[in-house]
Amino acid sequence: MAEGLGVTRRFPSVIPACEVCGIGQRQPQQVAYSLRVADQLVVVEHVPASVCDHCGETSFSPDTVERLQDTIWQSRRPVRVLETPVYEFAPGS
Numbered sequence: 001m002a003e004g005l006g007v008t009r010r011f012p013s014v015i016p017a018c019e020v021c022g023i024g025q026r027q028p029q030q031v032a033y034s035l036r037v038a039d040q041l042v043v044v045e046h047v048p049a050s051v052c053d054h055c056g057e058t059s060f061s062p063d064t065v066e067r068l069q070d071t072i073w074q075s076r077r078p079v080r081v082l083e084t085p086v087y088e089f090a091p092g093s
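Numbering (my numbering), first residue to last: 1 to 93.
Accuracy of the hints is not assured; some may be wrong.
To be verified - Simulated restraints on C-beta separations:
1) Ser75 to His46: 15 to 21 Å
2) Gln30 to Thr84: 19 to 25 Å
3) Gly92 to Val37: 19 to 25 Å
4) Pro16 to Leu68: 28 to 34 Å
5) Leu35 to Gly56: 29 to 35 Å
6) Ala32 to Phe89: 18 to 24 Å
7) Ala90 to Glu45: 26 to 32 Å
8) Thr84 to Pro48: 21 to 27 Å
9) Tyr87 to Thr58: 30 to 36 Å
Keep in mind that the hints were calculated from the coordinates and are not lab data. Note that beta-carbon positions come from the ideal geometry of N, C-alpha and C, so glycine has one too.
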C-alpha cells in the first residue's frame, strides 16, 4: 500500500517459464521420487516439486533435496514395501 494514498497496488504473480522447453509454466505438485541404492529401488512419495505443465521437467528446492537425502541415507523404516517387477529393455526381449 502506498503511504497516505489509501491505494493498494497488486502485481500479477509471474510463474516462470520452463528452463528446458521454454513453453510451459512450472506448477507446484507432489511427486514420487525414486532412486536406486545398491541393488534396491527406493521410492519417496508426496515430495513437493515444481513441474512443467508442458514437458514434465521436474525440479526440487534445495530444502527438499536435503530432506530427500536425509530420508534415503538415514535408513529410516519405510511406511510400506512394494514388490517391483523388473524388465529387460534389449532387442529380442
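Going through the hints against the structure:
1. Ser75 to His46: 15 to 21 Å: With Cβ atoms ~20 Å apart, the hint holds.
2. Gln30 to Thr84: 19 to 25 Å: Since the Cβ atoms of glutamine 30 and threonine 84 sit about 21 Å apart, the hinted range of 19 to 25 Å holds.
3. Gly92 to Val37: 19 to 25 Å: 30 Å, violated
4. Pro16 to Leu68: 28 to 34 Å: 22 Å, violated
5. Leu35 to Gly56: 29 to 35 Å: 18 Å, violated
6. Ala32 to Phe89: 18 to 24 Å: 21 Å, holds
7. Ala90 to Glu45: 26 to 32 Å: At 30 Å between Cβs, range holds.
8. Thr84 to Pro48: 21 to 27 Å: Since the Cβ atoms of threonine 84 and proline 48 sit about 24 Å apart, the hinted range of 21 to 27 Å holds.
9. Tyr87 to Thr58: 30 to 36 Å: For tyrosine 87 and threonine 58 the Cβ distance comes to about 23 Å; the hint is violated.
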